[in-house]
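Asks: Residues per chain are reported as follows:
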Amino acid sequence: MKRLTQLLIAGTMGLAGTLALAAAAPGQPGTDFTLTDISGKPHKLSDLRGKYVVLEWFNSECPFVQKHYESGNMQGLQRQYTGKGVVWLTINSTNPSHSNFRDESRSAQIEKEWKMTPTALSLDKDGKVGQAYGARTTPHMFVIDPKGTVIYAGGIDDKATFNQADVKTAKNYVAAALDESLSGKPVSTASARPYGCSVKY
Amino acid sequence: MRTLGFLLCFAFAPTLHAAPVQTPHLEVELVSAARTIEPGKPFTVALRLRPDEHWHTYWKNPGDSGMATAIQWSLPAGFAAGPIEWPAPQRIPIPPLANFGYEGEVLLLTQLRPPATLEPGRTVALRANAEWLVCKDICLPGSAALEAPLRVASGVPEADPHWGIVLAEARRALPQPLDGWSASVSQSGTSIAIRLRPERETGHELRKLVFFPDEDGIIENAAEQTQQRDGDAVVLRVKAAGGIGSRTVLAGLLVADSGWGGATRGTAVQVSVPLVQTAAMPSPARMTLLVAIALAFAGGVILNLMPCVFPVVSIKLLGFVEQAHGDQRRLRLHGLAFALGVLLCFWAVAGALLTLRSGGAALGWGYQLQSPLIVSMLAALFFVLALNLSGLFELGTRVQGFAGAANNRHGYSGSFLSGLLATVVATPCTAPFMGAALGYALTQSVLSSMLVFTALALGMAAPYVVLTFSPTLVRRLPRPGRWMETLKQLLAFPLYLTVVWLLWVLGKQQGVDGTVRLLAGLVLIAAALWAYGRWTGPSIRGRSRMFARAAAIVLAVSAAIVAWPGDGTRSRIPEPDARWQPFSPAALREAQASGDPVFVDFTAAWCVTCQVNKKLVLETEPVLRGFEQKQVRLIRADWTRRDADITAALARLGRSGVPAYALYAGQADAAPHLLPEILTRDQVLGALDALPRSLDATRSR
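From first to last, the protein sequence lines stand for chains H and B. Residues 0 to 200 in numbering that gives the first Met the number 0 are what the first sequence lists, from first letter to last. Residues 0 to 700 in numbering that gives the first Met the number 0 are what the second sequence lists, from first letter to last.
Bear in mind the hints are in silico, worked out from the structure with no lab data behind them. Here a beta-carbon is modelled for each residue, glycine too, at the ideal position from N, C-alpha and C. Treat the hints with care, since some could be wrong.
[Said to hold, decoys possible] Only some residues are given here: those of chain H computed to face chain B with a beta carbon under 7 Å:
| # | residue |
| --- | --- |
| 1 | Ala24 |
| 2 | Pro62 |
| 3 | Ser98 |
| 4 | Asn99 |
| 5 | Arg135 |
| 6 | Thr136 |
| 7 | Phe161 |
| 8 | Arg192 |
| 9 | Cys196 |
| 10 | Ser197 |
[To be verified] Computed far set for chain B versus chain H, every beta-carbon distance over 10 Å:
| # | residue |
| --- | --- |
| 11 | Pro86 |
| 12 | Gly163 |
| 13 | Arg474 |
| 14 | Ile560 |
[What the hints assert, rightly or not] Computed footprint of chain H on chain B; a stretch qualifies when at least three of its residues, placed anywhere within it, have a C-beta under 8 Å from a C-beta of chain H:
| # | region |
| --- | --- |
| 15 | 61 to 73 |
| 16 | 93 to 99 |
| 17 | 124 to 136 |
Please construct the entire structure, taking both the sequences and the accompanying hints into account.
Replies: The following block contains the structure:
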């Protein structure tokens, strides 16, 4: 009954007014997009139905991103879950005019140096995908289930610091959402505050 | 990569300093207002952060990205440190996002309390590890271990000639409680309106208002905040973000470039104000016809689950089971006949209501049950239905056997009539969403009103129409059999209980005498039906049958004479409940003027939802205790009988029926917080929890 009421309220609010700023919320379908990765291969979200998809907002120059790569945390997650058939899309929405921008060849170099293993690393130069998802920070993580529904949106874990040592003791929300959902359980934490540097749109 | 390594080394391998520490793009230092400290006397220190030009550090809520500066104290034994006393931040736009922080130098004050046992003459070292994020286009994390040595003296502390003054100034500029203004906040969809009204005529104008929420995710940080004058009040509109959820309080800082006038120093004040949610129940003025229709349809569907509709619904379902395994087309026609019955009855009730209202009568939804006559007739109707289900008598060919039912030509009128009946008993129940939709309907043109009522009727009929049109669902229904007879007899009991409820309603309207008259009438009705049932059937001779029918008619007429209710307003029994004050406009005004919060329960004896809420929520121990703790004045507006004042009060809340629950926060002008039609304890207690802080903000000074 309560759930029904909430659904109805959500429905009527949708009628009452449209949100100007799209932000991907858990329970809603993820906005479709096509991104060309740094090797020139296109990735279309709607073609990935039937698979879990992780979206990771990335900026190699951001200390919070560096925290998760210096510690090997992000590469570990990428390796572990792509091994289980999850599609991991790392997206850099940095504006080409910003000092943090790294072009395709430099990005490929970073990917190799940092031993990154996402399914693909893509540049979202006009920031359209980032803004469609309401990506605010790097990192900002989204998990999409095989039906195309967002099941997690938010920070990578519960320790909003730049201290590498915190990675070990933090609760990783992305891993939790994937593990729970892969084993048929509901996602216990479907959203959390994203933390990190602002996305350089 | 090399820069990264360097940065991390720097960040995590700090050394002790008593002087300013230079880090990339930021100078940091721990300073004290006094050179000496006195045992047991609190004193102020500050973390001073001075970033390079155009670089910034962050407030406690950093906004869309960033990280609040943090201090970890390592103090000598017995020392206690308070929280950071954050000065008002600035909005730092980084389109399409925004952060809250400090461009330029900032002093983060903290109060420290030394132990009373401290030995004068000693020098103590205050140590702290500070962590921050400093950003311009890019962000650099930093941290430093800082130290400030202070001497313990027994006398009055010796102020630091420089920092003593600077820190005192910084303290004066800290956000203060709201004073001289009363604040109220309402939310409609994604628009939050913060209304500030001067408590006295001062002529002070608030300029360049900005709101900073205490928590992230409450508002769209980068969205423009617009300020508007409304009479002597100022309204600041900010855009809500998803994180606001069903929050009942909006807390944060309001900063006005102009200052706040009166005794308030600085530009920032703290506010924590109850949030009146109008998102789920849009106010009548703002609601569109489309929304009202959608709400009405949803309300109609939910109406089927309301306690007053349940018995009739049970009978209808039984009817569908009877017919489910026969002709599909017939079943569909039954579904449509039922829907038509619902629709026509809603039109009739709504048409009558609109006609009466246009004639100036102060009526609202459920008005028909304010009439003792209609209550009595409904009670008799339910009683007859129940006796029929119990098997006291059978009517015509209709109930000759379940096998024959599908071939029964009169079955359609039966479905039509049960549609009518379901509506008649459903009308007193205001389901969720119906309240707002009906409130809207009754303020609009006749055409719009009828559209809303039509949507309500279609919503109520929708589950049955869907059921009869879906072969899959129909196949799931169990096969007819002997169990149906048992179930039919069992279903008589909810109907008897409905009669009990209606008798109670009548008791509230007419007292014991009226109730007893109706009870006597019911006995006569039972006798009439017994006579009819006993001497009906193929084996009964014509003369006996005629005699029995004549007797039944005489008994039924005498039942009507005995039970016919008198004037409802004559024998009024006031509710004997000391906690609740009866409603009158004067009583409400007086209660509001007292400054205490006020809770108004709009209820009626014939409204089952109201009674359920009363028993399960309002009159339970924890809720009553909650009311007591917050010194809430309780007012009960009993709408069992017609009452123009209550109808008007409901109209002001945008409602036309009961239940309705309004919580006034104890500020003269504040809009009330409307609670949902189906209450839970948590909702009431949550709304009560939202009260006290607002009182501190507006009353304590």
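Asks: Hints first: check each against the structure and report whether it holds.
Replies: Each hint, compared with the structure:
no.	hint	verdict
1	Ala24	holds (6 Å)
2	Pro62	holds (5 Å)
3	Ser98	holds (6 Å)
4	Asn99	holds (6 Å)
5	Arg135	holds (4 Å)
6	Thr136	holds (4 Å)
7	Phe161	holds (4 Å)
8	Arg192	holds (5 Å)
9	Cys196	holds (4 Å)
10	Ser197	holds (4 Å)
11	Pro86	holds (22 Å)
12	Gly163	holds (34 Å)
13	Arg474	holds (25 Å)
14	Ile560	holds (45 Å)
15	61 to 73	holds (count 4)
16	93 to 99	holds (count 5)
17	124 to 136	holds (count 4)
Violated hints for the displayed structure: none, as all numbered hints are satisfied.
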